[in-house]
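With the hints as a guide, bring the two chains together.
Going line by line, the protein sequences match chains A and B.
Per this note's numbering, the very first residue in the first sequence carries number 1; after that it's consecutive.
Per this note's numbering, the very first residue in the second sequence carries number 1001; after that it's consecutive.
I should point out that these hints are in silico values taken from the structure, not numbers from a laboratory.
Be aware that one or more of the hints could be misleading.
[Unchecked claim] In silico contact screen, one side only, chain B against chain A (beta carbon under 8 angstroms); selected entries:
no. : residue
1   : G1042
2   : Y1048
3   : Q1050
4   : E1108
[As the list claims (entries may be wrong)] Only some residues are given here: those of chain B computed to face chain A with a beta carbon under 10 angstroms:
no. : residue
5   : R1044
6   : R1068
7   : L1090
8   : G1101
9   : S1110
All C-beta atoms in this analysis are idealised placements derived from N, C-alpha and C, irrespective of residue type, glycine included.
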Amino acid sequence: AQKVTQAQTEISVVEKEDVTLDCVYETRDTTYYLFWYKQPPSGELVFLIRRNSFDEQNEISGRYSWNFQKSTSSFNFTITASQVVDSAVYFCALTSYSSASKIIFGSGTRLSIRP
Amino acid sequence: DGGITQSPKYLFRKEGQNVTLSCEQNLNHDAMYWYRQDPGQGLRLIYYSQIVNDFQKGDIAEGYSVSREKKESFPLTVTSAQKNPTAFYLCASSPDRLQTGNTIYFGEGSWLTVV
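One chain only, chain B, in its complex shape (with noise of 0.2 angstroms):
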């Protein structure tokens, strides 16, 4: 089935540790993203890449870091300098840029906590 994967689900991280979400799309999307939201709260976007090799940082930048080597991959480092990880991450992806009109769709999220 087309979609997008993210992994794992639900991880448990340890202060001063550094974690990585992983991100996959099997849509042939050129555009990915990622976006944190915080319970009750809206989404945020961290970082998107709208092709191999080239990201860009979102509103929230700070304490995360992502690399764009393959078009289907796109993962996720939350970092020991991320104040406050503990968060819903989702991953996303569109066709193209979405200022042109492209749709974006959404994986099943990861949830992470910091113990």
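With the rest of the complex left out, here is chain A (with noise of 0.2 angstroms):
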């Protein structure tokens, strides 16, 4: 079964302080991809950051980081120095080959970031 689970439903915290959002994936595949997607107030999801199986490399990119272990299946999405733009419902996702064309989602965390 192909599943995403995101523990945390909400989250806040005070502006600067830095916050890491969970992701715990299952499948049985052993080539996927695994995505992070920003979903502002105004609705649009906004792709973040790709992720394949076989690449555990963790990834930076400004103030955001990603923690890829397969050991326990995490996908762990950090921002540092927050800040009140970074406010807004973050998902979790996976594709593989068993997911077919489907991505498969998690239910989201709310980040609210206060000033």
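Below you can see the structure in the form of structure tokens.
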């Protein structure tokens, strides 16, 4: 079965704090792809990152970083020095051969950054 | 600019009426998708199309219909048979099939309210 779990429904932090959004996935496929999307209040889902299952290198992009650990089936997302503009709902997602033409989304984490 | 354009952004419909949501992409993507998102919820797949003149039902296709007569266009009709159509609708596209690791990109969404 394909599944993505984002256990944190809502997180609220004060601006400039670091925050980590958790993502745990399940798949039997050895080749799979993981994604993070940001959904600001306007509604559009904005693509942030794609990682394939053979690349466990962590990635950093400005204040954003991602930690991929196959041993724990996790793909966590950290925002360093958070800003109010980071307030949004963040979705983790999975695709693989078994998911066919579907992308499996987690239920999302609503992040609120307080000034 | 390249992207996915959805229209209208906001739409009000009377019960018993059909309504069509437009989705156009100029990314030259083969695959297109329609998702529904209810407040505070994740995304659910309505229909998808991997090639012109072909489309498949997703998880919640009842009460919806689509067509794919042109590569760049994938309109969604919400019919009167859809019992609870008030929701946020997202159109998306990907270069090719998702199971081969393609990234899916989203439009800005359309808010449909039944009055």
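(request) Could you work out which earlier hints the structure fails to respect and list their numbers in ascending sequence? (result) The structure breaks only hint 6.
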